[in-house]
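The whole structure should be built from the sequences, with the hints applied where relevant.
Chains as they are written, first to last, in this note's numbering: chain B, 1 to 317; chain Y, 1 to 317; chain H, 1 to 317; chain G, 1 to 317.
No lab work stands behind these hints, which were simulated from the structure alone.
Treat the hints loosely; a few may be bogus.
[Claimed, not checked] Covered stretches of chain B, going by a simulated chain G footprint (3 or more residues, C-beta under 8 Å):
| id | segment |
| --- | --- |
| 1 | 56-70 |
| 2 | 85-95 |
| 3 | 135-145 |
[Stated by the list, open to error] Just some of the chain B residues that point at chain G, by a computed CB distance under 8 Å:
| id | residue |
| --- | --- |
| 4 | A79 |
| 5 | T104 |
| 6 | L176 |
| 7 | H179 |
[Unchecked claim] Derived SDA-like pairs: lysine to any residue, alpha-carbon spacing no greater than 25 Å straight-line:
| id | chain 1 | residue 1 | chain 2 | residue 2 |
| --- | --- | --- | --- | --- |
| 8 | Y | K124 | H | A6 |
| 9 | G | K214 | G | R186 |
| 10 | B | K214 | B | R162 |
| 11 | H | K211 | Y | G215 |
| 12 | B | K124 | Y | K211 |
| 13 | G | K214 | B | G69 |
| 14 | G | K124 | G | W22 |
| 15 | H | K214 | Y | S212 |
| 16 | Y | K211 | Y | P251 |
| 17 | Y | K124 | G | D130 |
| 18 | G | K211 | H | A6 |
| 19 | G | K211 | H | R140 |
| 20 | B | K124 | B | T8 |
| 21 | Y | K211 | H | L67 |
| 22 | Y | K211 | Y | L92 |
| 23 | G | K214 | B | E11 |
| 24 | B | K124 | B | E11 |
| 25 | H | K124 | H | R206 |
| 26 | H | K211 | Y | L92 |
| 27 | B | K214 | G | K211 |
| 28 | H | K214 | G | W22 |
| 29 | G | K214 | H | T304 |
| 30 | G | K214 | G | D280 |
Quick reminder that beta carbons are idealized off the backbone N, C-alpha and C, glycines included.
Number of protein chains: 4
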Amino acid sequence: MQELDARTVREWGERYSNWGRWGEDDELGTLNFITPERVLAACALPRSGRVISCALPFDARGPQAGLGGRYNPIHTMLATGADALAGAQDFLPGGFNYADDAVTMPLQCGTQWDSLAHVFYDGKMYGGRDVRLVTSRGARANSIDRIANGVVGRGVLLDLPRTTGQPWLEDGTRILPEHLDACAERQGVAIEPGDVLLVRTGMMTRCLEQKSWKGYCGGPAPGLSVHCARWLFERELAAVATDTWGVEVIPNETRDCFQPLHMIALRNTGLLLGEIFALDALAAACAEDGRYAFLFSAPPLPITGAVGSPINPLAIK
Amino acid sequence: MQELDARTVREWGERYSNWGRWGEDDELGTLNFITPERVLAACALPRSGRVISCALPFDARGPQAGLGGRYNPIHTMLATGADALAGAQDFLPGGFNYADDAVTMPLQCGTQWDSLAHVFYDGKMYGGRDVRLVTSRGARANSIDRIANGVVGRGVLLDLPRTTGQPWLEDGTRILPEHLDACAERQGVAIEPGDVLLVRTGMMTRCLEQKSWKGYCGGPAPGLSVHCARWLFERELAAVATDTWGVEVIPNETRDCFQPLHMIALRNTGLLLGEIFALDALAAACAEDGRYAFLFSAPPLPITGAVGSPINPLAIK
Amino acid sequence: MQELDARTVREWGERYSNWGRWGEDDELGTLNFITPERVLAACALPRSGRVISCALPFDARGPQAGLGGRYNPIHTMLATGADALAGAQDFLPGGFNYADDAVTMPLQCGTQWDSLAHVFYDGKMYGGRDVRLVTSRGARANSIDRIANGVVGRGVLLDLPRTTGQPWLEDGTRILPEHLDACAERQGVAIEPGDVLLVRTGMMTRCLEQKSWKGYCGGPAPGLSVHCARWLFERELAAVATDTWGVEVIPNETRDCFQPLHMIALRNTGLLLGEIFALDALAAACAEDGRYAFLFSAPPLPITGAVGSPINPLAIK
Amino acid sequence: MQELDARTVREWGERYSNWGRWGEDDELGTLNFITPERVLAACALPRSGRVISCALPFDARGPQAGLGGRYNPIHTMLATGADALAGAQDFLPGGFNYADDAVTMPLQCGTQWDSLAHVFYDGKMYGGRDVRLVTSRGARANSIDRIANGVVGRGVLLDLPRTTGQPWLEDGTRILPEHLDACAERQGVAIEPGDVLLVRTGMMTRCLEQKSWKGYCGGPAPGLSVHCARWLFERELAAVATDTWGVEVIPNETRDCFQPLHMIALRNTGLLLGEIFALDALAAACAEDGRYAFLFSAPPLPITGAVGSPINPLAIK
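So this is what it looks like as structure tokens:
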């Protein structure tokens, strides 16, 4: 295989770019591949009516350990049942009471979508938009609110460790296009344009089983090789998500670029990336019924100007 | 009509209770009405493949003005494009950069689900669970994370002002069961068990048009009469949501109980309530194609122990 | 008087600059004027031993209304007495319980110091440091933590409305050097190098009396004229604080520069500015004993990289 | 020594109680010992005019590791110099720019005062006030804002490891009254009524030297024995602070009561406790000039209803 460096990332970025493909003003990127027809087709997939969440619970036991200033969700109560007992709600008539709460959280601390404003280089993000548009006031382009009418379509799970008989892929395992194709074939599912591809590496399974997130955020991990950039582009996928922190393999395949696949996929291809997906329940269900394609719905919170969003992705089988 | 007081609320609560209906351990409440069969049936509804968000943008321009300690979402950046320009990310190799962000927000400050731990009286919440379970550490029962595998099903919009030819219902307008039935009939849609009912009053339309949220939170509002409690119970609805702050009419119909329908619906019926839904785009689409039933998906963020969740509800037509 | 514009601000900035005065590495600015000798002298001022806080309470009733993304402090409980009653702390032995809490607040939402990294122009802040040093990661120079060993010294109150017999100065009142000198003279106090000057305009008195902060943040206000820039520089003051949002008069005296005195004082003179000081109790005490000089202590929280800090300034008389 | 249990804590609590000593409405507790005369006397202590901060920097490198839901301060920028470069502040005229920021932090995550509402048992806190007064809405009695006009007085440092020739006291070291007396004697300082006593154990020195806070929060630590309860009461101290997480020795001296000294001192004696004080610079200065008494100023932020406050304690020598 060719040796990769920052220059190659730029070359591939240019090669696998969708800038302008859907007009100058496009901020949806590959979500454009999810045409209304494909939404309808996806709605025809469910057979059992079972709905399965792919979200990790959002709480203090999450994976964050400080990298990049990220922390786990901080959930605080504004009003409680205990307050009611203590008389703090006696201003309400009739003995009727309530509880209320709030959260402080990095938008990418748990199960989440990266927006197309999340990464950039050479002063530009997806669509050629200037990085100066992303300041303390938020992102004025490519922000997560632009995809409020999504993400609904056909989801496909590729359960790599299950098809190879491992409990999980080892850290550092590079997932190449041929691995994805082989997995799809063994599972008997075809990957189609407009699909939301969910790739299970088993890394989260291991962390939960070992009750340790050590290394999960930013450490060595199995993940997509940057050599998948072309495959993702040509397959015309709408989104790709994994059960890892960062979709792609760590250590990265080039020393002089951190997360090269992010750079190409988000900035050039305009491909939505999903991370920290909890795929075990879905994987078990797919293994049980042998159906790896399903209706998928994972709406982001349209936080104005945000560069990511926590989500609760649902598979409807 | 019978005069209502706190005693009546308790009587009706007992009458329209689903406690124990789905077993002692049930924490789903009326979401149990969304059987797998009904999910499948809902998936067969879409005709156009169009997806429409019912979320108000989450930002500082939201409706909150301090009531109950609630405030609008506070979005802050952890890393920006501007930082990159300023050299703050030069520790990353190859000129590759990123943006990251966080939010601080009350969970019920915008478009949201109330969990079944949100209101209570006489020391009990839905299922007879003790309010002592809701403390500063969160809710240990009936919390929003319990419905992580939801909410997906058949959605029905009742667009009250459109069927009566008004731009919006006046503040204080009581919506009675007969109004709901009449609206459904005029729209040519049947309300079925397991439905997620979206009731448009036009109040949000007015606030957005007048660029003022004054009175929206906690002030006089159109909304469901507490006399709908029986109707909601008997129709076996899964959830009810409105474009208002609190689903039900304000002023409340009894002086000695604030939000009596909340008390009965959430605590006794176990009915999921949705608030601050942005229904204008959906209403326009329904008016256009004449179809008021659709596939509906509005997964909550499974924040452990939370008593509500911001959501981005999607209608798939 | 000369007409002021942005060019004049730059000229005066150059004229009243202390860059380099205390060495290239200086980040204390005019706090350097508070020599140990002056601290000792200030300690000799108290006669009664009375201590008076000049802080506005930090809570939701504060003055912020959203300007610049600022909001009032959000105080949340992590553990409560009510929790204890509800049994949430039964894991602690012996029936012993506790309460705990947290705050989310802009650092300049209430009584506060501006750090020397708070304002800048032409790419430079105090000491000629590049504004690129102030990013989402905080300020890497001139931040508030650099003055952790302060602010202790001689405080002097100038109670302008009291000496002129008004309840408060009208909005838009320009305070000129001669007003300050006249007030000092009438009060029988001399202003000395190294002093922390507290200027009472009465604006906060009015807001509290009228129970309205309308216009307090960013609206028309009495305050120091930009013509005080030279006076502040020549008097070698250590800090200046007022009972207003922004120290200086609004409307600003030049259309093409917002807060010109901030620019000159913070960026060039390196003068610490204090805002939203609650001076009524101190003013009453000074009027009572006729002594307008006192020992003053207002330590900032050394939040690393912060550009301001909430404070509780104390006058010891 | 007598074996301690929860019953003894209650007995001693009753014995060393100051409830009612300063009237029914008192919320100052032992701060009442700091009379104006004593403030004046303290002002006469400084000899050099040097001011020394006893605060640990407030940042992500702080000691918190999640215990009790506490986390280190989260500092976020609302506006930056980088923004200015990127043009995000071009709405401001004349090329003048600014930075602004915010913090989210537990009030007791760093250098701090415990308020008299921080701990309680048998349904009561200091002064016999009901714990029902401490709910999600904050503390309605004994809160930190009640001591806004403080804390200023005579400070005394007892530098235990220095007088015994150790770098730091070992974890679990019980500090008894005789150790305190011996240390004071060796240092040549008398402890007087109304003093703020700062006890250096060296634990923070060790953590900083070893670059690890492991065990600092809640783990074994040197600290005051609960046998100091009487001594603290009889000496009529105003406050006691240490360089540890919790003032008192851990493991606690009774299995069935966590932090027994907290219970007696805060709830019964009404003694202000300070924690996570950074005492190394002060200790060095005291060792140098041989003077262990100084003017001390550590104003809390008067956050309404708060049960603690971050502080920057200053020693003026």
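For each hint, the structure was consulted:
1. 56-70: holds (count 3)
2. 85-95: That given contact holds, which follows from 3 residues of the segment 85-95 of chain B lying within Cβ reach (below 8 Å) of chain G.
3. 135-145: Holds: 3 residues of the segment 135-145 of chain B have a Cβ under 8 Å from chain G.
4. A79: 5 Å, holds
5. T104: Interface hint status for B:T104: holds (6 Å vs cutoff 8 Å).
6. L176: The hint is violated - B:L176 has no Cβ within 8 Å of chain G, the shortest such distance being about 38 Å.
7. H179: 38 Å, violated
8. Y:K124 - H:A6: This hinted pair is violated, its Cα atoms lying about 65 Å apart.
9. G:K214 - G:R186: 32 Å, violated
10. B:K214 - B:R162: 23 Å, holds
11. H:K211 - Y:G215: Roughly 20 Å between the alpha carbons, so the hint for H:K211 and Y:G215 holds.
12. B:K124 - Y:K211: 35 Å, violated
13. G:K214 - B:G69: Holds, at roughly 20 Å.
14. G:K124 - G:W22: Holds, at roughly 18 Å.
15. H:K214 - Y:S212: 17 Å, holds
16. Y:K211 - Y:P251: Holds. Y:K211 to Y:P251 sits at ~23 Å (cutoff 25 Å).
17. Y:K124 - G:D130: The hint holds at about 24 Å.
18. G:K211 - H:A6: Given that 25 Å is the threshold and the Cα spacing comes to 48 Å, the pair is violated.
19. G:K211 - H:R140: Holds, at about 22 Å.
20. B:K124 - B:T8: 17 Å, holds
21. Y:K211 - H:L67: 18 Å, holds
22. Y:K211 - Y:L92: 44 Å, violated
23. G:K214 - B:E11: 47 Å, violated
24. B:K124 - B:E11: 15 Å, holds
25. H:K124 - H:R206: 37 Å, violated
26. H:K211 - Y:L92: Judged against 25 Å, a Cα distance of about 51 Å means the pair is violated.
27. B:K214 - G:K211: The hint holds at about 19 Å.
28. H:K214 - G:W22: Violated, at about 40 Å.
29. G:K214 - H:T304: 21 Å, holds
30. G:K214 - G:D280: 19 Å, holds
Hint violations for this structure: numbers 6, 7, 8, 9, 12, 18, 22, 23, 25, 26, 28, all remaining hints satisfied.
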